[in-house]
Amino acid sequence: EAQVTQNPRYLITVTGKKLTVTCSQNMNHEYMSWYRQDPGLGLRQIYYSMNVEVTDKGDVPEGYKVSRKEKRNFPLILESPSPNQTSLYFCASRIRDRGWNEQYFGPGTRLTVT
Amino acid sequence: ILNVEQSPQSLHVQEGDSTNFTCSFPSSNFYALHWYRWETAKSPEALFVMTLNGDEKKKGRISATLNTKEGYSYLYIKGSQPEDSATYLCAPLNFNKFYFGSGTKLNVKP
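Heads up: the sequence lines are chains A and B, in that order. Read in order, the letters of the first sequence are residues 1 to 114 in the numbering used here. Read in order, the letters of the second sequence are residues 115 to 224 in the numbering used here.
Calculated from the structure, these hints are not laboratory results. For each residue, glycine too, the CB sits at the ideal point set by N, CA and C. Be aware that one or more of the hints could be misleading.
As the list claims (entries may be wrong) - Derived Cβ-Cβ restraints for the label pairs, each shown as a range:
| # | chain 1 | residue 1 | chain 2 | residue 2 | range |
| --- | --- | --- | --- | --- | --- |
| 1 | B | N143 | A | K17 | 36 to 44 Å |
| 2 | B | K183 | A | D97 | 19 to 27 Å |
| 3 | A | N7 | B | E184 | 41 to 49 Å |
| 4 | B | N167 | A | P107 | 32 to 40 Å |
| 5 | B | G193 | A | T13 | 30 to 38 Å |
Unchecked claim - With a straight-line Cα cutoff of 25 Å, these simulated DMTMM-like cross-link-like pairs (lysine to aspartate or glutamate) come out:
| # | chain 1 | residue 1 | chain 2 | residue 2 |
| --- | --- | --- | --- | --- |
| 6 | B | K173 | A | D97 |
| 7 | B | K171 | A | D97 |
| 8 | B | K223 | B | E129 |
| 9 | A | K57 | A | E1 |
| 10 | B | K156 | A | D38 |
| 11 | B | K211 | A | D38 |
| 12 | B | K172 | A | E102 |
| 13 | B | K219 | A | D59 |
| 14 | B | K211 | A | E70 |
| 15 | B | K183 | A | E102 |
| 16 | B | K172 | A | D97 |
| 17 | B | K173 | A | E1 |
| 18 | B | K211 | A | E53 |
| 19 | A | K17 | A | E62 |
| 20 | A | K71 | B | E159 |
| 21 | B | K173 | A | E102 |
Start from the sequences and build out the full structure, keeping to the hints where you can.
Encoded structure:
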């Protein structure tokens, strides 16, 4: 089954404790992306990757890191989480093109930083 | 940052009503416009991908149009059903970045 998976689905952590949210897709997609969703705001893009070893900042990259060492994986790293990073996070992937192909979203990770 | 506006923010209709929403976006550097349907406790799912000015797409009772010159897209739902209740998101793709609107939340009452 074609899918995007994220782990963990739920996480409660404390300020300053490094964490990683994993994202994996089995569709051989070049383009992968991380979003956060906060009440009253649309999905905001954190980072995206056009292919292996190619990453770029989205609109809200501060406080986050990513890596793309393999095509299927795109982990999101919070080196020192803070309460303002409490949010719902989505990973997504798609074929890399001029936009003709849809994005497929993972199930989401709800993160709470206390 | 691109300013993407969706209206209305929320909509309550009766089963059987037809309805439409608007997505407005800057028309410069336009690549594509994506519409997504997002049900509570689920992930966004793609409805339409539109790329050309004048594009019209249809999927069952839902259709969409695109005007890239003036920077807007309409989503129409004909004969709304309770299962259409969801948040509808639009997202223009500008260069390689997606910019999501805050969505229109539709509630269809039986």
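Just to be careful, I want the Cα atoms of K173(B) and E1(A) compared with a cutoff of 25 Å; is the pair within it?
The given pair, whose Cα atoms are some 23 Å apart, holds under the 25 Å limit.
Cβ separation of K183(B) and D97(A), checked against the hinted range 19 to 27 Å
22 Å, holds
K211(B) and E53(A): Cα distance at most 25 Å?
17 Å, holds
Holds or violated: K71(A) and E159(B), Cα atoms, limit 25 Å.
22 Å, holds
Are the Cα atoms of K173(B) and D97(A) separated by 25 Å or less?
23 Å, holds
Are K173(B) and E102(A) close enough, with their CA atoms no more than 25 Å apart?
Roughly 15 Å between the alpha carbons, so the hint for K173(B) and E102(A) holds.
Range agreement (Cβ of K17(A) with Cβ of N143(B), hint 36 to 44 Å)
40 Å, holds
Holds or violated: are the alpha carbons of K172(B) and D97(A) at most 25 Å from each other?
22 Å, holds
Given the hinted pair K57(A) and E1(A), is their Cα-Cα distance within 25 Å?
30 Å, violated
So if I understand the rule, the pair passes when the alpha-carbon distance is 25 Å or less; does K171(B) with D97(A) pass?
Holds, because 20 Å separates the two Cα atoms, which is no more than 25 Å.
Does the alpha-carbon distance linking K211(B) and E70(A) stay inside the 25 Å limit?
21 Å, holds
Given a hint of 32 to 40 Å, does the C-beta separation of N167(B) and P107(A) actually sit inside it?
35 Å, holds
Of the numbered hints given earlier, the model fails hints 5 and 9; all others are met.
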